[in-house]
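Residues -21 to -1, 1 to 337 (mature numbering (1 follows the signal peptide of the UniProt record, and there is no 0)) are what the sequence shown spells out, left to right.
Hints listed in this document are in silico derivations from the structure and should not be mistaken for laboratory results. Some hints could be false.
[Said to hold, decoys possible] Quick list of the computed label-pair ranges, beta carbon to beta carbon:
{"hint": "1", "residue 1": "T207", "residue 2": "D49", "range": "48 to 56 Å"}
{"hint": "2", "residue 1": "S333", "residue 2": "T213", "range": "32 to 40 Å"}
{"hint": "3", "residue 1": "G101", "residue 2": "Y190", "range": "45 to 53 Å"}
{"hint": "4", "residue 1": "A332", "residue 2": "F240", "range": "44 to 52 Å"}
{"hint": "5", "residue 1": "Q76", "residue 2": "R234", "range": "21 to 29 Å"}
{"hint": "6", "residue 1": "E312", "residue 2": "G118", "range": "38 to 46 Å"}
{"hint": "7", "residue 1": "T207", "residue 2": "S328", "range": "45 to 53 Å"}
{"hint": "8", "residue 1": "G266", "residue 2": "D185", "range": "44 to 52 Å"}
{"hint": "9", "residue 1": "N63", "residue 2": "I188", "range": "25 to 33 Å"}
{"hint": "10", "residue 1": "G118", "residue 2": "T213", "range": "33 to 41 Å"}
Where is the CB? At the ideal position from N, CA and C, for every residue including glycine.
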Amino acid sequence: MKNIKKILSMALVLVMVFSLAACSGSSGDSGSGDGEGGDNYRVAFIARASADTFAAWLTREMQAAAEEYDDITLEYFSGEGDNNQVNSLLEDCVTKQYDLVIVQVNDNAASAPYVKQVVDAGIPVITTNPAVHQGDLDGTDDDSLLEGTGTVDADPVAQAQPSAEAAVEEIPENANVVVLMGPSNNFHSDGRRDGWQQYFFDQRPDVNILYEDYANWNSDEALAFMETWVQGGTHIDAIISMNDNMAAGAIEAIRNNSEYFNEDGTPNFLAYGVDGNAQGVLLVKEGLLTRTTLQDASLLAEQCMSNAHEVLTGEKEVTDVEFYVDAPVINSETVDEYVQLYIDNGEISEDGASLVEQ
């Protein structure tokens, strides 16, 4: 199979999705927003970062989903992994008077006050990947949705649970593991870590966490961490990553290290992720990613846009929007199904060997 560097280069291609500050995602004139007389509803989607392969995948799917609605014009923006930029974009949404905002925040606590500003301006807000909660604003443990918002999301603990439970049997006794986290204060990163704690670490007190750090969903940061950690000299038995992108970076760091492969070429390490994107699926197929769970960006986008349309046309209140996607397991037994899925949607080549540039 082709070198993972070619796979990782897909992240650079996906950055092109964000090459313009904002781009129309559907045809039609941008009108008054009342949906009458051919006028369109203007919807803004703020993605957290262009270098984040999942955010790029979600943006592509948002564009496709928006095209199903003749009365919606979607404009999309990247926060570039910068909380200040995400928050500035939220403020711009108020200034530009969008009819509805869909936002994928980077840091829940940092952006909650700015999401509230949009709500207070009378603009419906749907949060996605992750949801924003009242406790993010108040600094409390209140896990109800931020007042005045809806969400289309996934349960991060449930995303981690299948892999964590399997790892109880798969990871060897007294193993040394490393843990790769997304951004600090990110609901999904923290929730997946909680899932691993509950379903794995609490069950396996013999396991040693050799290193743990924030790679911010970024493969390059994960690669750099792993290169440094390997130099410590202690064999790393498992990579526990809160997403596939960081797992891919860590795997790349040891791909050519003979200490991490048996004589027959099989890996003598385990690796776990979340997202089930095309990149992760290829790594599972190659035998380098032990298992991941699918976070279906297509379904998230479809639900975001269908619920947005119902809110805009008065069929429901935004506070009635609360939809959570499932997290099916992708491992060596199920991977072929997902390879075919990505072949069918054009993200993996017909031979099932590599990513297709979008």
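Quick one: are T207 and D49 within 48 to 56 Å, going by C-beta?
At roughly 52 Å between Cβ atoms, D49 and T207 fall inside 48 to 56 Å, so the hint holds.
Holds or violated: the 45 to 53 Å window for the beta-carbon distance between G101 and Y190? Cβ of G101 to Cβ of Y190: about 47 Å, so the range 45 to 53 Å holds.
Check: That 32 to 40 Å hint for S333 and T213 (C-beta), does it hold up?
Finding: holds (33 Å)
Next item on the list: Look at the Cβ atoms of N63 and I188 and judge whether their distance stays inside 25 to 33 Å.
Entry: The hinted range 25 to 33 Å holds for N63 and I188, with Cβ atoms some 32 Å apart.
Open item on the list: A range of 21 to 29 Å was offered for this pair. Does it hold for the Cβ distance of Q76 and R234?
Closed with: This hint is violated: roughly 50 Å between Cβ atoms.
* Asked: Lying within 33 to 41 Å: is that true of the beta-carbon distance G118 to T213?
  -> The hinted range 33 to 41 Å holds for G118 and T213, with Cβ atoms some 38 Å apart.
So does G266 sit 44 to 52 Å from D185, Cβ to Cβ?
-> At roughly 26 Å between Cβ atoms, D185 and G266 fall outside 44 to 52 Å, so the hint is violated.
45 to 53 Å was suggested as the range; check whether the CB atoms of T207 and S328 agree with it. violated (33 Å)
**Cβ separation of E312 and G118, checked against the hinted range 38 to 46 Å** = Distance hint for E312, G118 holds at roughly 44 Å.
Note whether the CB distance of A332 and F240 lies within 44 to 52 Å or breaks it. 20 Å Cβ-Cβ, so the 44 to 52 Å window is violated.
In terms of the numbered hints stated before, the structure departs from hints 4, 5, 7, 8, listed from lowest to highest.
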